[in-house]
Amino acid sequence: MSTDQKSKINLVVNSESKPYWEGAAKGQLLIRTCNACGKAHHYPRTICPHCFSDDTAFVEASGNGVIYSYSVTRQAKPPYVIAYVTLDEGVTMLTNIVDCEIDRIRIGQKVRVKFSEAGDGYALPVFTSA
Amino acid sequence: MGINGKSYIVGIYEHPCRAALDKTLPQLHAEIAKGALADAGLSKDDVDAYFCAGDAPGLGPINMIEYMGLNNVRHMDSTETGGSSYIVHVNHAAQAIAAGHCNVALITLAGRPVADAKEGKPVRYYNQQAPDFPFEMPYGPNVTNMYAMCAMRHMYEYGTTSEQLAWIKVAASHHAQHNEQARLHDVVTVEDVVNSPMIADPLHRLDCCVITDGGGGIVMVSPEVAKSLKRTRVKVLGAGEAPKHLAAGQVDLTYSGACWSGPKAFAEAGVTPTDIKYASIYDSFTITVLETLEDLGFCKKGEGGKFVSDGNLISGVGKLPFNTDGGGLCNNHPGNRGGMTKVLEAVRQVRGEAHPKVQVRNCDIALAHGTGGLLGSRMGSATVVLGSEDA
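Protein chains in written order, with this note's numbering: chain Y, 1 to 130; chain S, 1001 to 1391.
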């Protein structure tokens, strides 16, 4: 396998991540938030990585964010865009930017979540121009 | 208890092969151990501590100690921090020797990614049980695009340019032309780098390191053992190690864990960046070097681009000679793990045994730094400061 190629989407759904993927399947971007310290984190964990409380829950994010950084993997066929997007809720997540003219993508650009099919009824949160 | 002056590097070996089609992975480890012990003037039965990382097969130290017949080992360490592991091992070996747990420590690294690919062996997959895996792998992260996002952000925040990054490759190539074993010998220009194919914006093919087989080894001993040997000894003055990660989603790609491992190593060694005559800086990509130089304090944050320009990293030309073996960018990046070769060239410089064309004059204090994992997500950073007997 060449590391230049984007491998087939193969979601790992486990007891900790299942609600996240079920939310995505319904068109919701969920982020984990701590009821004790009030802070959001990503990727989602049962125990808060900020304050170590186990009183955490998924809440629906607005789906809006800005591109923190990105790169176009040129050798892949077709080329794809990997990015870190900072959500309005303050956490930054790894994702793809899709359905855009790739040479016009910029850091600071406003983007909005959309969901791409990931098989078995699941969906993957990705972002496109807002 | 600090480690300053309490142990010495007395043996090193860099495997000359760059493609190991006719050698097994354990065999490479053993050939490297043999080479490093011969350089030190010691035998395998003198070894009472063994260090290896995730590149060693099976249960790591257990399998390798058996394979090599290291019959007197009573201290083991298999700390795995990716390519920086071997710099962490130097720190841990120094600590173990200082604490009296051992007197002769052997560290080995070996890899054969080139041969494995030719033989059609699958690349090692990242553990699906890693907690980040479900939330990252579906998006197609690979080594190059993850480092590329660091470069992209650094350019955005500080105005760093592709031409400035290219100077890092240019400097490495100037050094590699004198290394007969280097994977790439040709001197390249800034234009060559920026005109090479784009791999993952903004990193071009020549911003990337080589992929090679082989490996390297280090023998470290107590001061008492060092005095009994004929070999020029290199003193371990200080070391630091630190993880850096995505901080629960508070992502900042413009710095590395070197901002923590570096100051600790400098403090323990009792030196500052201006005392460093030679630096081995982990160079998986040009951006790795640029951010690391800033984080170690060789220049201010954001001024790395200016610092590396106009040959400032070329031995005999610039103020901070770096990676005089050609580094991972041109010489060798065995097993996709560059920390070992960083220590080896720093030792050669302090011994005065680097190639005459790149040897730094009066190189009494040198530094080696490693970045394991990914600069664009999570990494293990490690720094070691080495010196001559008088340092």
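Just so you know, the hints here were simulated from the structure itself, not pulled from any lab data. Be aware that a few hints might be false.
Here are the in silico distance ranges between beta carbons for each label pair [claimed, not checked]:
1) 1074(S) x 77(Y): 33 to 39 Å
2) 130(Y) x 1357(S): 54 to 60 Å
3) 1273(S) x 106(Y): 32 to 38 Å
4) 1057(S) x 79(Y): 32 to 38 Å
5) 110(Y) x 1157(S): 14 to 20 Å
6) 1126(S) x 98(Y): 38 to 44 Å
7) 1129(S) x 90(Y): 23 to 29 Å
Computed from a predicted model, the values in this text were never measured in an experiment. Where a beta carbon is used, it is the ideal one built from N, C-alpha and C, also for glycine.
Structure-based check of all given hints:
Our hint of 33 to 39 Å for residue 1074(S) and residue 77(Y) is violated, since their Cβ atoms are close to 54 Å apart. Residue 130(Y) and residue 1357(S) have their C-beta atoms about 55 Å apart, which keeps the hinted 54 to 60 Å range intact. A beta carbon spacing of about 35 Å between residue 1273(S) and residue 106(Y) agrees with the range 32 to 38 Å that was offered as a hint. Taken as a hint, the range 32 to 38 Å holds for the pair residue 1057(S) and residue 79(Y), whose Cβ atoms sit roughly 36 Å apart.
Between residue 110(Y) and residue 1157(S) the C-beta distance comes to about 19 Å, which sits within the given range of 14 to 20 Å. Between residue 1126(S) and residue 98(Y) the CB atoms are about 23 Å apart, so this pair departs from the stated range of 38 to 44 Å. Against the hinted window of 23 to 29 Å, the Cβ-Cβ separation of residue 1129(S) and residue 90(Y) comes to about 28 Å, which satisfies the hint.
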